[in-house]
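A.B. asks: Now for the letters of each chain:
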Amino acid sequence: MTAHRLASGGLVDRGASLDFKFDGRAMKGFAGDTLASALLANDQLLVGRSFKYHRPRGIVTAGPSEPNALVTIGRGASSDPNTKATVAELYSGLDARSQNRFPSLKYDIGAVNGLLSPFLGAGFYYKTFMWPAAFWEKVYEPIIRKAAGLGRAVLERDSESYEKCWAHCDLLVIGAGPTGLMAALVAGRAGLRVILADEDFRPGGSLLAETMSINGVSAQALTETSLAELRSLPNVTIMPRTTIFGWYDDNVFGAVERVQKHVAMPQAKIPVERLWRIAAKRALLASGAEERPLVFGGNDKPGVMMAGAMRTYANRFGVGAGKSVAIFTNGGAGYRAAADLAAHGMEIAVIIDSRSDAADVAPDGVRVIPSASVINTKGRQRISGVVVERSGFEETIACDAIGMSGGWNPIIHLACQRGAKAVWSPELQTFLAPDVGSGLIVAGAAAGHYTLAGCLKDGTDKAAAIAADLGFSAVAEAQPVVDGEIAPSFTALWYSPGAKAKAFVDFQNDVHVKDIGLALREGFGHVEHAKRYTTNGMATDQGKLSGINATGLLAGMQGISPASVGTTTFRPFYTPVTFGALAGTSRDEHAAPVRKSPLYGWAQKNGAVFVDSGLWYRPAWFARDGEKTWRESTDREVLSVRQNVGLCDVSTLGKIEIFGPDAAEFLNRLYCNPFLKLPVGKARYGLMLREDGMVYDDGTTSRLSPEHFFMTTTTALAGGVMSHMEYCAQVHWPDLKVRFCSSTDQWAQMAIAGPKARLVMQALVEDDISDAAFPLLAAGVVTLKGGLNARLFRISFSGELAYELAVPAGAGEAVADAIMQEGRAHGICAYGLEALNVLRIEKGHVTHAEFDGRVTPDDAGFGRMVSALKPDFIGKRLSTRFGLTAADRMQMVGLKPVEPDKHIRAGAHLLREGAKPSTLNDQGYVSSACFSPTLGHDIALAFLKSGRERYGERIVVWDKLAGAEAVAEVCTPVFVDPGNAKLNA
Amino acid sequence: MRYSAFSIVKNALTGNVNWKPAWRQPEPKPYYDVIIVGGGGHGLATAYYLAKEFGLKNIAVVEKGYLGSGNVGRNTTIVRSNYMLPGNEPFYEFSMKLWEGMEQELNYNAMLSQRGIINLYHNDSQRDAYIRRGNAMWMEGVPAELLDRAALKKMLPFLNFDHARFPIMGGLLQKRGGTARHDAVAWGYARAADRLGVDLIQNCEVTGIRRENGVVTGVETSKGFIGCGKLGLAAAGNTSRVGEMADLKLPIESHVLQAFVTEGLKPAIDHVITYGAGHFYISQSDKGGLVFGAEIDGYNSYAQRGNLATVEHVMEEGVMMIPGLSRVRVLRSWGGVMDMSMDGSPIISHTPIDNLYLNCGWCYGGFKATPASGWCFAHLIARDETHPVARFLRLDRFERGYPIDEHGAGPQPNLH
Amino acid sequence: MTTTYISRHPLEDRLPLEPGIRAVDHLEVPRGKAIATVMAMDGEEAAVAAGLAASGDVSVRFVAPGEWLAISQSDTPEVLHRNLSLLLAEAAYIFDQSDGRVVFRLSGPNVRRILAKGVGIDLHASAFEIGTSSNVLCGHISVNLARSGENEFELIVMRSFAESLFDDLRAMGREFDLSADFAAEG
Amino acid sequence: MASLIHCPHCGVRPKEEFSIRGDASLVRPDPEASDEAWHEYVHIRANPRGRYLEHWQHVAGCRRWLVVERDTFTHQVFSVTDGAAAARGTSR
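Chains as they are written, first to last, in this note's numbering: chain V, 2 to 986; chain L, 20 to 435; chain X, 96 to 281; chain C, 137 to 228.
Among these hints, one or two may not hold up.
[Said to hold, decoys possible] Quick look at which bits of chain L chain C covers, simulated, 3 or more residues with Cβ under 8 Å: (1) 229-241; (2) 270-282.
[Unchecked claim] In silico contact screen, one side only, chain C against chain X (beta carbon under 7 Å); selected entries: (3) H145; (4) Y177; (5) A196; (6) A222.
The set of hints was computed from the structure by calculation and includes no laboratory data. The structure displayed is predicted, hence computed values, not measured ones. Glycine included, every Cβ here is placed at the ideal spot set by N, Cα and C.
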């Protein structure tokens, strides 16, 4: 028995015993334990295996910087790999497993790597595995991949829920230790809106493990009274279990709250984790300081722990890390740990001090060896002794645990996330946060104040200053009197000389001193090079423990100051954050909003099979009884429209109401074709270009009154066109008198197409819609029988006699029902996107399959539409560039297979007959293709070099991806009714 | 020192104290025949090929930070040649072929891993576009396969097949696509270039470009003036700043692209997978971290860091594509400064100044281009003529109306 | 032939037609409100704002400079359009959006906490006062948000997004057992 | 920026409510301007490291185009003004 539960003490609830499992073994802990403290209480020293050499490893810290004690908690789809035992709150039923070992934690075959370690130095893989070339993927890499990694991600659907929230405050206090508590109190009392966030499940920070008293009360009592007061203030929010992981521009902080990670059975109505974006006017970083590990031979074995962590386990959790503890220190903190451990009845085997003249006082009767170095440790999976060297003499001292204390590193991670570099302090022998402006102020131990009194004062002072800065008046606080304070100074020790075993710098990634030396020797001495070459600091702890020592070693080996070496870059996330929390509720079907047409219900009733189209769900086809494939339904719908009449939902088209005396002028500049003289009551097809002369979007625009136009856009670019128009109106031509608003959602819009469309529509419309009264491109307000006002447009995408009818969205379904009922006698059918697509290809009409952003109006056969007379329109000037008018540009043509049973697929490329496939010989591509039920064979629209000159030519439709080739004849893209007789009927 | 299994054993047995520096740390000479500005992947590769393939002897690369400190060390390591347009595909395939022999040539294991890249599609029009792309690849002799939903399900069972907002219909596979260890590419080229006598000068920031009679004569740097016969700019996100020193007006905007890595995990994702209902892409490194990213933040930036809104958006796309990522923890995010061009395609080109050459516009796709970019840029500099596969990548293509716009998004860099 | 076309509310499939049991936090969907977009002509912004402010039973929501949504509880869309056209003749363009917008009313002690799950603005009474309205993003959906009381907000959303917003609001309120129904007053 | 933008019409809003177009210092040339002027307007960008004017649209809010003046390296925002007002101020 080494580690053990102390007979008394700690903040755990000894009355609340919790059952948990580690690697299948049943264990007990108490409420208030972390998994780590509970494992130690059960004398489970060995908790994991390292990344590269699979060395046995134990718990090193009592917090989020833990490099070794990574476990998988939970089972199956609910397992959380790489969870730090040191921050995992114990709950009844917790099921933890060790990682990166085979077959078991105790006997791990991967440990053989340790024997090979001379061959596996930093960057060894860059130097080998190159021969033969094919062996990398087939042999070497699979072995490396299998050996690498830590926990196992199951990649199964996670049944738990996550959400995101916004919060706003005057002051965000990060860390609820002594500094943060005082700051929150001062700011809260002054009336600021305060958020106090702490990553621990129990606020209090270092106070929870503190034995000193403040103004005569215990640190724990101070914590409780402070928290009680904060809870009573309505303007203060305390957020435990909340880690601030990132500091972003404009003082927005990212935080993750572990809402239900500490319960066995999470409640369904509450998320397990919640992401917070906290917009803070000011923030105070009171994140404390991290104890620095010491780099000495054999420093990685289970039982070697941070001295401060031992103190935390004893004072806060009532757990002794060993029966007989050796302390290796370079400063006062080691002595303080020794004193606390001794007070709990643990034996202090020795204090090994690297300094020669320490004034620190050891507990009574404890031997201190000054000017000494630890060169090795005894034991394999547990410590049995420490080998000390002093003045050339070696001595082995028996112990079962080693506490190391190498000084302090302020936790400045967040302050350095936005580009500012940490600043070396020669006095404090550490890196401090740079001045990052008034948004984020660093306080307490994070600012290098290591005494408790100093922290309490700094938190108070800085919060008062912030309050004043924000216009609040804070009450001055009396200086707290701390009893039992010790001197926190230390003398930096980057490497304990004379190591007789590997001296690790980065525990998890197995980077030891010699790796750093090798990196330097090979020219990778820049701190970023060294990191990347050795992988130091790239493990899940992101160098929280190892970074500073790597810097110190690089400096020491080159005989330069750590200031010249610097640190690697601090970046989010302070501690790792789950995808789930960052994604929130945006998952699965709820990943993006669904837009539903007002005719959705109508389509459903008529058997629609829906397809997503942007955010919309649109009917793809309407399956009828007996139809087995989409093609059967589509062919029927097409023929029905060509022969009778069909109804199609086009409500998803973008619709824009444009008003104003300059509306016509605005449209005239917006479209490449003229709009100035569009008569009232008429619709016109419009082509919108980008400023670079390529087609952007198309649609129809109708003039409803002299100063009121109604535009439709494609569904895909409805939002884009609106923004483009707003840009034009606001930025290009702010003096034009034009206003517009989207009416997409106001109208249910339907196309009624087919030779019998007029028959059906006239039955419903009061007004005369005969060809004479309402000819092609007529547009206007009509009254439906019964009195409903609607808009009617004589426009056609299918090439048939067709109308588009717009009615207020709420009435849409009833109107569509009425049309279907009226049309039944005429063989009406509902038709979907598939049929619409066939109909328009047959007619040679374009969509974004043709207008793919690389096509000019002329490419698509609209060259004559582009106004040469208009002085200006968007896209005019650049459309005359050489390359946009070159004779060999690809132009839109039709294709029909020479053998009618041959198929053509969109995406196929075009080759001259007999030409070898090559990029040079590529003649173009098929943009749209379908089976035409009207013609009985496949047809296609394609872009072909100088295509319009090549009607009648035979061309190879080359679809290597499908392994298919067909010969097709180049023809005009209008396959049906080229004379527009049907359209004008 | 040649690297080999033997050299590792030999050095191990002598305590690993005999390894030599991978490259020298030279002080700049007064004059070089060619100076390349930018010690990233492209600059280092250019210097290497200038020396190796084009026989130049007196070459320097000047780098303001450390070698590989830019985008070559902060990308998502994807290598592929699955482009659609004739201006791009031959170039990227040339690059792919160079990748395939690079490690042996450089004597450096860049861990090229041709695990296959799969671009998912979610609707008919995306499928058609991928068919067009796949056939364009085949035209250039590049194998591609179109996978349907059933094939994908077998290959990538963890994708969201059952509850996707935007259902996965299939994917385009390039089996030769994959990943490479990004830093190693920079280091491999650096070491090989150094061995051919190229001076790699770190911590040497260019502060001015000296011209006499309209001809570049050298660069002012933080280490003093260095004369040169020809000057090649390969400064990626800092292209506009360097170009300005020679009064070049460029079709470039600098944007920040974030990338991410998760904690190390046992092998779970074998391929490189890109999402079609967004910009998300993901692969797993040999160390076990899932490496991923998506779109740029959208605003001009020279800061190598991004914002939370984009981070969240990337994660949303990730969970949309692979629901099981939900409990995986993201370890680190970082940002790179992208030289976004106006059509989304690169520029390897002459400039209006005779002995000044330009390599830029890599957007977020420069890593895969590293070898071909180096080769073609070296070709251009050494011979003063464009390499055939890079002949469309001219600077004047915008003015002349020959954009290479894979996305069809037009001259707005943040849409590419 | 059908002569009256019955108007459907987009949430008819989601909510019982009759009011149900209310929890303390409640989502209510009023039906039959008349809503119009009002866009001031150039230079008439102040006059239109003043005119709208003076028009008794119309509540006004800020959309953009010179643009508002005008909402009437009692008028039909036609009447609202006519009244506004008369009131603001030669000063503003009026467009009926009664069918294109859906109104949600959220009330209860936890509404701010519920809304904070989707809305990025500071909803503290000192920052978003009663009577204030503005277009904001709620999750992935743009809405017009108005504060109608200390613990009462109204959201107006485009019709096509109504079901998605409804689902989102229900999910946001799940923690507080948010109830939902059509408003009794229609 | 860019986490929060202070819309002059709507107040402080998260980045998610905006879309970004690019350089706001460019002015669309006169129709009769030279080919070079048009080419430069459409394709050439100063792309400064430092102070920069950029067009953002408050798409999920008032839908106004805004001119955001900010630093492209520190991301500090100096001012946000309405795009039309800015455009009216530019002499053409």
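A.B. asks: Now tell me, hint by hint, if it's right for this structure.
C.D. replies: Hint by hint, here is what the structure shows:
Using a Cβ-Cβ cut-off of 8 Å, 0 residues of the stretch 229-241 of chain L lie near chain C, which falls short of the minimum of three, so the contact claim is violated. Chain C is given as covering the stretch 270-282 of chain L, and this holds because 4 residues of the stretch bring a CB closer than 8 Å to a CB of that chain, at least three being needed. Given hint, C:H145 at the interface with chain X, holds; its Cβ is 5 Å from that chain's nearest Cβ, closer than 7 Å. A cut of 7 Å between beta carbons decides the hint on C:Y177: the least distance to chain X is about 27 Å, and the hint is violated.
A cut of 7 Å between beta carbons decides the hint on C:A196: the least distance to chain X is about 4 Å, and the hint holds. The beta carbon of C:A222 comes no nearer than 14 Å to any beta carbon in chain X, farther than 7 Å, and the hint placing it at the interface is violated.
Taken one by one, the earlier hints fail for this structure at numbers 1, 4, 6, listed in ascending order.
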